[in-house]
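K.L.:
Sequence:
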Amino acid sequence: MVYGAKLIAQSLHDLGVQVIFGLPGLPVIDIAQEAMNLGIRFISFRNEQAAVYAATGYGYLTGRPGICLSVGGPGMLHIMAGIPHAMANAWPLLVLSGASETHNANKGAFQEVDAIPMITPISKLALRPPYAHMVPDFIRDAYRIAMFGRPGPTYIDLPADIILGHFEVPRKKLAPLTETPRSTAPANKIRDIAQAIKSGKAPLVVLGKGASYSQSEKQIRALIDQTGLPFVPSPMAKGVVPDSSPNNYSAARSTALNEADVVLVLGGRLNWVLSFGLPPKWRADATIIQVDLCAEEIGKNGGHPTLSVVGDIGLVVEALTSQLKGWQWQGKSTPFYKTLQAAKSKNEAKAAKKAAGDKVPMSYERAFNVIKETLDRLSNPDDGNIVYCSEGANAMDISRSIFTMEHPRIRMDAGTYATMGVGLGYAIAAFAAYNFTNPEGVAGKKERKKIIAIEGDSAFGLSGMEVETMARYQMDIIVFVINNSGLYRGDSDTREGWSERQKVSVEGRTGESPGLSATSLGYETAYEKVADMAGGIGYVTRTSDELKKATEEGFKAKVPVVINVLVDPQADLVMDFSWLDMAPPDQKKSKL
Numbered sequence: 001m002v003y004g005a006k007l008i009a010q011s012l013h014d015l016g017v018q019v020i021f022g023l024p025g026l027p028v029i030d031i032a033q034e035a036m037n038l039g040i041r042f043i044s045f046r047n048e049q050a051a052v053y054a055a056t057g058y059g060y061l062t063g064r065p066g067i068c069l070s071v072g073g074p075g076m077l078h079i080m081a082g083i084p085h086a087m088a089n090a091w092p093l094l095v096l097s098g099a100s101e102t103h104n105a106n107k108g109a110f111q112e113v114d115a116i117p118m119i120t121p122i123s124k125l126a127l128r129p130p131y132a133h134m135v136p137d138f139i140r141d142a143y144r145i146a147m148f149g150r151p152g153p154t155y156i157d158l159p160a161d162i163i164l165g166h167f168e169v170p171r172k173k174l175a176p177l178t179e180t181p182r183s184t185a186p187a188n189k190i191r192d193i194a195q196a197i198k199s200g201k202a203p204l205v206v207l208g209k210g211a212s213y214s215q216s217e218k219q220i221r222a223l224i225d226q227t228g229l230p231f232v233p234s235p236m237a238k239g240v241v242p243d244s245s246p247n248n249y250s251a252a253r254s255t256a257l258n259e260a261d262v263v264l265v266l267g268g269r270l271n272w273v274l275s276f277g278l279p280p281k282w283r284a285d286a287t288i289i290q291v292d293l294c295a296e297e298i299g300k301n302g303g304h305p306t307l308s309v310v311g312d313i314g315l316v317v318e319a320l321t322s323q324l325k326g327w328q329w330q331g332k333s334t335p336f337y338k339t340l341q342a343a344k345s346k347n348e349a350k351a352a353k354k355a356a357g358d359k360v361p362m363s364y365e366r367a368f369n370v371i372k373e374t375l376d377r378l379s380n381p382d383d384g385n386i387v388y389c390s391e392g393a394n395a396m397d398i399s400r401s402i403f404t405m406e407h408p409r410i411r412m413d414a415g416t417y418a419t420m421g422v423g424l425g426y427a428i429a430a431f432a433a434y435n436f437t438n439p440e441g442v443a444g445k446k447e448r449k450k451i452i453a454i455e456g457d458s459a460f461g462l463s464g465m466e467v468e469t470m471a472r473y474q475m476d477i478i479v480f481v482i483n484n485s486g487l488y489r490g491d492s493d494t495r496e497g498w499s500e501r502q503k504v505s506v507e508g509r510t511g512e513s514p515g516l517s518a519t520s521l522g523y524e525t526a527y528e529k530v531a532d533m534a535g536g537i538g539y540v541t542r543t544s545d546e547l548k549k550a551t552e553e554g555f556k557a558k559v560p561v562v563i564n565v566l567v568d569p570q571a572d573l574v575m576d577f578s579w580l581d582m583a584p585p586d587q588k589k590s591k592l
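FYI, full-length UniProt numbering numbers position 186 of the sequence shown as 186, with every residue one higher than the one before it.
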């Protein structure tokens, strides 16, 4: 006889699962315990959403499905937030949720909910095994489907009677899935792409996060180094080719997209992140060549339907590099190159000016520059031993251009779904992927990595209690909370001014005078105390020197650190999010 919970845990163990993220409760506690008995690590969170976000991040960093375990009913509903997040980002995820007993179906059983119809439309697969002997095959299929083809989320509903029952099920050891099927494009297609690139007067390579996920950096770097083609990375593709490369024009991204006539897009979908590959952000007559493992993406929006190819990025790029052997882009005398260089120099100078000075309160740019310079001194960026997890409107948007990456898969953010609340879950996932025994993550030198979370104060509020999770598992993660006392911006630059607006709101007089805005948060909230409470170390910083000192001390700490960075709440910010202007194309704002 085999115990149902052990059968489930053994199936995961057979597949090579090393880590499970979750929040246990009845009836899934025993699955977690049986998994730990087999040597699988179980990380127990304070909220299911943070757990599932961690599992999605682990899938991205390792290329293998992140595993999340939750109770049914409300726990499953919390988990649902991470399922479309994984689907939108094309990251492998396997969710296992408990469910009420089969024999009590439709009776109003404990936490009863019909999960399969809810999850099927937002996942690659959603299953509920009717019999215990089917559990191993169901788990293997869900694991395989999450990982194969276009990666994404799968779900298994596990009835309590299967989890807690004992069954006559013969031992069936599942074979681990070590790699996914890979294919390349036909030779004639490779020749056509090469010819299109050669004929372009203003060629450009755009790197999407699929280039990072596919671990194709070696092939892509060879292409860029051999041909000298200019490139622009999407935020999570930073480091596929080092940001220090002279061919990197991320500082002139808008100009590059607007001027390029032939664009090779590697692992990037033409959605809102890349402005759909359409005017006015892109040149109207541009030939956009996509390389993607998902056929449905080919020709979408501005993509070229016949030149674009389906295939593994590494294999396609390797073949393309071979086809372009002996050819280099001779564009340094072209108007395109001169325009790119001018835009790059101008934007870098503007950024440097914003990052300078010691004004109090600090600007976002100044705070990030201090953090970056300090961390770069403590750990050489060439080694790739710091992983950055970023979320929040201003915090994410501004930091992505300041923190440069020399290696892939050491920067994570809200992603395609623009999900807030992911940051601390990501940080825990990165710690697990890179610092646990037999790490499954690959980035930079194979050494222990320091994990840094850069959080807006609003975003931190969505998962701040996971600092206790970090402390419980002795994860020496640094969390920077960029505190401007509001979403986007604060209501006042003084406590007195904020308190007056608070009084108006509390008394219900907002029709007479300004109260707290809809985006207001508490004035200079002491977020650092969350670390103190959990056994970590908290700092609050107002000046550049205080921030530098806190960063240096926090980097050496062996416990979680929360650094509350007080920045200018009234800063005039121009945020560069394409979703800020949602008007129809003929009504777009000329300036944000």
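Source of the hints: derived by calculation from the structure; they are not laboratory data.
Since we're looking at a predicted model, the values are computed, not measured.
Please note: incorrect hints may appear among the correct ones.
With a cut-off of at most 27 Å between alpha-carbon atoms, the simulated DSSO-like pairs for lysine-lysine come out as follows [as the list claims (entries may be wrong)]:
(1) Lys173 x Lys198
(2) Lys350 x Lys338
(3) Lys372 x Lys346
K.L.:
Next step is simple, just say for each hint if it's right about the structure.
P.N.:
Hint by hint, here is what the structure shows:
no.: 1; hint: Lys173 x Lys198; verdict: violated, 52 Å
no.: 2; hint: Lys350 x Lys338; verdict: holds, 18 Å
no.: 3; hint: Lys372 x Lys346; verdict: holds, 21 Å
Checked against the numbered hints given earlier, the structure breaks only hint 1 and satisfies all the rest.
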